[in-house]
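Asks: Here's the letter readout for the chains.
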Amino acid sequence: MIMKPLEIEHLRYSYDGRFNVVEDVSLTVEQGAIVGLIGPNGSGKSTLIKNTFDLLRLQSGSIRLSGHEHTSPEAMKQAIYLASNDYLPEFLSAREYVALMAKLFEVNVDHAKAAELFTMFSMEGRYDHLIENYSHGMRKKTQLVSALLMRRPLTVIDETLNGIDLEALYLAEKEFRRIRDEGRSIVLCTHDFSLLERLADHIVFLDHGQMVFDDPTADLVAEHGSLATMVFEYLESDVRCP
Amino acid sequence: MPVRLKHSLALARMLMLFFSRRVLRKGALRAAPVRLAVAVGLVALLVMGAAVAYSFLKDVGGDTEIWRFLFEVSTVSLILWVQIAFLIVKILFMNSEEILELSFQLPVTNRERSVAFMIYEISMTGIVVALGAFSFSVAALLVLGPAAIPQLLVSIILPVVLAYLLLSAIYQILARVVGFLRLRSIENVLLILALFVLLVFYSSRMQGLVLEASQAYLNKDEKFAWATAVSWVAHQYGAPAAIGAATALAIAVFFLVIRLAPSRYIRHSRYIDVPAGRWARRLLGPYDWCLLRSSQTMVNATTTLVLFVYLLFDSKINPIWSFAILSVGGLYQFAATQPLRVLVGTTSSHWRIYGLLIRAQLILLALFALPGIAILWIVDAQALGQGSTALLGCVSGVLITTCVGIIFPSEKDNPFSVFVGMSLVGALLALAVISVGLLQLPPVAIAFSFAGILLLLVWYGVYAIKESEMRRRNVKGKVGGELRSRSHNFNRGERSSSVALPHVLDG
Numbered sequence: 001m002i003m004k005p006l007e008i009e010h011l012r013y014s015y016d017g018r019f020n021v022v023e024d025v026s027l028t029v030e031q032g033a034i035v036g037l038i039g040p041n042g043s044g045k046s047t048l049i050k051n052t053f054d055l056l057r058l059q060s061g062s063i064r065l066s067g068h069e070h071t072s073p074e075a076m077k078q079a080i081y082l083a084s085n086d087y088l089p090e091f092l093s094a095r096e097y098v099a100l101m102a103k104l105f106e107v108n109v110d111h112a113k114a115a116e117l118f119t120m121f122s123m124e125g126r127y128d129h130l131i132e133n134y135s136h137g138m139r140k141k142t143q144l145v146s147a148l149l150m151r152r153p154l155t156v157i158d159e160t161l162n163g164i165d166l167e168a169l170y171l172a173e174k175e176f177r178r179i180r181d182e183g184r185s186i187v188l189c190t191h192d193f194s195l196l197e198r199l200a201d202h203i204v205f206l207d208h209g210q211m212v213f214d215d216p217t218a219d220l221v222a223e224h225g226s227l228a229t230m231v232f233e234y235l236e237s238d239v240r241c242p
Numbered sequence: 001m002p003v004r005l006k007h008s009l010a011l012a013r014m015l016m017l018f019f020s021r022r023v024l025r026k027g028a029l030r031a032a033p034v035r036l037a038v039a040v041g042l043v044a045l046l047v048m049g050a051a052v053a054y055s056f057l058k059d060v061g062g063d064t065e066i067w068r069f070l071f072e073v074s075t076v077s078l079i080l081w082v083q084i085a086f087l088i089v090k091i092l093f094m095n096s097e098e099i100l101e102l103s104f105q106l107p108v109t110n111r112e113r114s115v116a117f118m119i120y121e122i123s124m125t126g127i128v129v130a131l132g133a134f135s136f137s138v139a140a141l142l143v144l145g146p147a148a149i150p151q152l153l154v155s156i157i158l159p160v161v162l163a164y165l166l167l168s169a170i171y172q173i174l175a176r177v178v179g180f181l182r183l184r185s186i187e188n189v190l191l192i193l194a195l196f197v198l199l200v201f202y203s204s205r206m207q208g209l210v211l212e213a214s215q216a217y218l219n220k221d222e223k224f225a226w227a228t229a230v231s232w233v234a235h236q237y238g239a240p241a242a243i244g245a246a247t248a249l250a251i252a253v254f255f256l257v258i259r260l261a262p263s264r265y266i267r268h269s270r271y272i273d274v275p276a277g278r279w280a281r282r283l284l285g286p287y288d289w290c291l292l293r294s295s296q297t298m299v300n301a302t303t304t305l306v307l308f309v310y311l312l313f314d315s316k317i318n319p320i321w322s323f324a325i326l327s328v329g330g331l332y333q334f335a336a337t338q339p340l341r342v343l344v345g346t347t348s349s350h351w352r353i354y355g356l357l358i359r360a361q362l363i364l365l366a367l368f369a370l371p372g373i374a375i376l377w378i379v380d381a382q383a384l385g386q387g388s389t390a391l392l393g394c395v396s397g398v399l400i401t402t403c404v405g406i407i408f409p410s411e412k413d414n415p416f417s418v419f420v421g422m423s424l425v426g427a428l429l430a431l432a433v434i435s436v437g438l439l440q441l442p443p444v445a446i447a448f449s450f451a452g453i454l455l456l457l458v459w460y461g462v463y464a465i466k467e468s469e470m471r472r473r474n475v476k477g478k479v480g481g482e483l484r485s486r487s488h489n490f491n492r493g494e495r496s497s498s499v500a501l502p503h504v505l506d507g
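So the protein lines, in turn, are chains A and H.
Counting along the first sequence from 1, when you hit position 95 you're at 95 in my numbering, and nothing is skipped either side.
Counting along the second sequence from 1, when you hit position 270 you're at 270 in my numbering, and nothing is skipped either side.
In case anyone wonders, no lab produced these hints; they're calculated from the structure.
Take these hints with a grain of salt, some might be off.
Chain H stretches covered by chain A per the calculated footprint, using a threshold of three residues with CB under 8 Å from any CB of chain A [to be verified]:
hint, region
1, 100-113
2, 322-331
Here are some chain A residues the structure puts well away from chain H; computed CB gaps all over 12 Å [unchecked claim]:
hint, residue
3, Ser43
4, Ser60
5, Ala112
6, Pro216
7, Ala222
8, Gly225
9, Leu235
Here a beta-carbon is modelled for each residue, glycine too, at the ideal position from N, C-alpha and C.
Let the sequences and hints guide you as you build the complete structure.
Replies: In structure tokens, the structure reads:
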């Protein structure tokens with residue numbers, strides 16, 4: 001039986017015990033799929049992701065990563081999380097950071113390949129430098145490179161692509177397609193709708209913690225013309241603004 | 001859920017690198033000669049302590065009864081040290097959310113993260129206790145030779161380890177009970193108070209325990225006391241049996257602590273939404289709100305209140321000293337207000353920044369001291385007489401913690417900087433106290449010396465603010481002579497060779 005990289009069932013979450021920021025959300029990410037996770041600020045995207053990685057205590061529902069309960073050590077090995085901020089251990093060099101990740105994921109890492117990726121992402125010769133001396137974009141690219149090296153069954157990218165330059169974005173797109181072709185999955189949380197139209201197989205649209213759309217990208221684009229139109233139509237609709 | 005110790009250790013190693021590469025390279029410690037001087041100073045202080053202890057104890061010679069009494073008294077006082085260190089370390093690590101965030105992208109479970117942090121808590125407590133026991137242990141080794149080793153094991157090392165582990169187990173159990181009672185939002189306050197109550201309880205029993213030990217020595221009795229249980233077993237059944245049993249118990253409790261380790265989740269709020277009335281909005285500024293709304297202040301304030309009430313009915317110490325706990329906020333104030341200084345258009349003099357830092361803490365102190373003094377006046381008017389010394393002590397505490405917070409800013413909420421800063425200040429104060437004792441200065445001279453030290457702290461605090469601001473603005477940076485450029489040919493990757501096509505569209 002093939003395990004789904006991510007299965008979320010009936011997830012609810014509240015920060016203050018009164019208002020739910022995620023309301024009964026169920027979501028499945030299929031193997032070899034790129035899923036775009038979109039929604040306005042405060043719609044519950046990051047809360048959903050933080051619940052997935054057990055950074056927030058699960059209050060209701062269940063989450064499984066490749067069939068493992070999301071809090072288990074096995075689950076931790078199945079997925080890699082690229083946070084929205086550039087908060088990396090800046091007292092390490094990129095090589096040390098990648099080595100640490102490899103040790104924790106229990107994979108062998110090819111540092112020559114890592115250095116090659118650094119060169120590809122216009123960071124030649126910086127692999128052994130302290131992350132402290134990297135710019136914001138370089139840190140984001142370091143996150144990306146580590147994900148490309150670890151190659152987990154699921155990669156969750158929480159707005160990491162927002163801070164990188166066009167050249168890196170182009171290369172990242174190509175790499176993401178490769179990852180998908182290998183049968184691995186990606187959840188891409190971004191406001192870049194054109195990127196999602198090019199890349200995502202499926203779109204999950206959250207608003208006020210509720211699932212608004214959970215459909216193939218091609219269907220949504222065919223119905224609304226574009227993802228941007230879909231979102232704007234929804235935001236101005238009576239459903240949202242009674 | 002199992003804990004992979006290997007993963008916890010890898011994370012602990014990462015934190016060690018943070019400690020060695022960031023914390024030990026901050027402020028004055030940036031320069032290697034200063035680091036060397038500090039290390040030499042600390043070693044000198046330890047050697048001096050050991051020499052003093054040896055000069056007192058060498059006359060005891062091989063009198064095993066006196067040594068047994070001395071070891072038992074040491075065990076009783078070291079257990080208090082363990083409790084104090086445990087409490088301090090817990091308070092320091094309570095405010096370490098941002099450094100915890102460093103591990104969020106790493107594939108470790110929450111409990112593995114907790115265990116990694118626990119390793120640090122153990123090391124820090126170990127350092128504090130080792131420093132406390134160093135002089136006596138070295139003196140015992142010098143006087144008794146290798147025969148002191150079993151005694152050191154059953155009276156110092158094993159009781160300390162067991163006390164720490166049992167405290168940890170109690171702490172974890174209480175944390176689970178608090179979670180079960182759905183009181184997680186005030187978990188920190190409750191746990192610190194519980195530790196504090198334990199500390200007060202033990203300190204109130206300490207005198208009795210020492211008395212029991214001295215009576216047992218005078219009457220040549222074999223009386224059992226729970227605090228010196230390991231030593232008692234050693235005398236009843238031999239040192240190997242006691243060492244074996246205590247080690248087995250320590251291992252069992254260690255695994256229990258690992259088993260009980262809670263998950264460490266993101267704290268939802270660093271600040272409490274203290275409502276601002278019109279007068280408060282007019283009087284208080286952002287620096288004040290940063291301190292008054294901090295959740296750390298909430299913990300300190302609650303502990304202060306409990307200690308004040310306890311001291312009110314225990315006449316040995318003036319209750320006003322309890323307000324000194326409020327100065328803990330000074331350790332974090334500089335780092336926490338950093339976002340205010342990077343705002344565009346905010347240029348303040350270094351003295352003004354220092355003044356704002358101190359003002360916030362004095363306001364907090366006044367909020368507690370004014371009603372506190374009024375209560376004291378009603379309950380015990382006589383105690384007000386010595387209250388001014390206590391109040392001055394609290395203000396000195398504010399100056400000291402602010403200076404530590406500026407020189408060793410708790411960058412990314414790390415507890416290590418504060419620990420290093422407090423240790424250095426502790427060592428310097430110890431050195432000052434020893435020097436004053438040796439010189440036998442009159443009280444007026446002591447007061448002037450202390451005032452001088454405080455003035456020096458204020459000056460150095462302002463100087464450190466200036467240095468920090470200059471570093472942030474790269475004031476010492478120079479324009480380079482060379483243009484930064486790619487040192488290699490453009491990497492084409494898998495793009496087509498068509499120069500006419502912008503590569504980003506050439507997918």
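Asks: Now tell me, hint by hint, if it's right for this structure.
Replies: To see whether the hints hold, each was checked on the structure:
Here's how the region 100-113 of chain H fares: 10 of its residues keep a CB closer than 8 Å to some CB of chain A, so the rule of at least three is met and the hint holds. With a threshold of 8 Å between beta carbons, the proposed coverage of the region 322-331 of chain H by chain A is violated, since 0 of its residues qualify and at least three are required. The Cβ of A:Ser43 lies farther than 12 Å from every Cβ of chain H, with a closest approach of about 18 Å, so its non-interface assignment holds. Every CB of chain H is more than 12 Å from the CB of A:Ser60 (nearest about 15 Å), matching its label as outside the interface.
Separation of A:Ala112 from chain H is adequate, the least Cβ-Cβ distance of about 16 Å exceeding the 12 Å criterion. Remark: the non-interface label on A:Pro216 is consistent with the geometry, its nearest Cβ contact in chain H lying 20 Å away (cut-off 12 Å). The Cβ of A:Ala222 sits about 21 Å from the closest Cβ of chain H, beyond the 12 Å cut-off, so the non-interface label holds. Distance check for A:Gly225 against chain H: the nearest CB is about 21 Å away, which clears 12 Å, and the non-interface claim stands.
For A:Leu235, the condition that its CB be more than 12 Å from all CB atoms of chain H holds, with the nearest at approximately 28 Å.
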